[in-house]
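S.K.: Sequence:
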Amino acid sequence: MDMASNIGRSTGLNAELPDGKAALLYERLKSDVVSGQLAPGQRLSEASLSREYGISRSPVREATIRLEHDGLIERQGMILRVRRRSAEEIIDIYRARVYLESAIAADAAARRTDRDARRLQAAVQAESQVDIEDPAAVVAANRVFHDALAVAAHNDTLKSLQDRLTGQIAAMPATTLSHPGRWEQAHGEHQRIVRAVEERDSASARAIAEEHMSRARDIRLHLFNQQLTD
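Under my numbering, read the sequence shown as residues 1 to 230, first letter to last.
These aren't lab readings, by the way, just hints derived from the structure by calculation. Just so it is clear, CB atoms sit at the ideal spot from N, CA and C, and this is done for glycine as well. Do not take every clue at face value.
No farther apart than 20 Å at their CA atoms in a straight line, the calculated lysine to aspartate or glutamate pairs in the EDC-like style are these [to be verified]:
1) K159 <-> E74
2) K159 <-> D92
3) K30 <-> D163
4) K21 <-> E68
5) K21 <-> E46
6) K30 <-> E46
7) K30 <-> E74
8) K21 <-> D70
9) K30 <-> D70
10) K30 <-> E62
11) K159 <-> D147
12) K30 <-> E68
13) K159 <-> E46
14) K159 <-> D116
15) K30 <-> D147
16) K159 <-> E210
Simulated restraints on C-beta separations [unchecked claim]:
17) H154 <-> S178: 29 to 35 Å
18) R118 <-> G54: 26 to 32 Å
19) D201 <-> G71: 39 to 45 Å
Full structure from sequences and hints, please.
M.R.: Laid out in structure tokens, this is it:
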């Protein structure tokens, strides 16, 4: 069974998409990469995707080019594969994420509205109700917080970059938030960021966000090294 057939089953498609739906195909393929249904190193074929979804090669190519731009797949000649990250690439992604989230937090402290502050408070309060035994719920709650922080920054450029890096990190195996004690620690860091944002203390918000993402980076590298030795 080819990879495209697996994708069709995992997304519940009936093997047909209307013409001009490259954006829909992109979102569904991206979801499968991020969720792990398409694993790192797995091969994709534009021809098979075209047959599976009943659309021409043009929108398929458009969707796969966008996924390449996102850093989720890579092209080797005529072959497409879900991208597999090296330790060096993981370090680079998290270095960028440290800088990015720090800037977002600093801008949020400088630019937030009262509505932004309420949204952030609601996000951290919701985190306290999350079942820590449910990785998907934990990841979702974390995403709500970081989305709210980016909205409070009122900087579309930073938000766009955040979305791209989030997709790359989400496509990595496991989640740093499942590491023992990390969710509780991250929740506390989120609370500290919110206080700094509420007080319009950009320097503190930046520093806490840098600490927050640096710890996530260290855990990610630990998980990567552990995977190599398993």
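S.K.: Mind listing which of the numbered hints don't hold for this structure, in increasing order?
M.R.: 1, 13, 18 and 19
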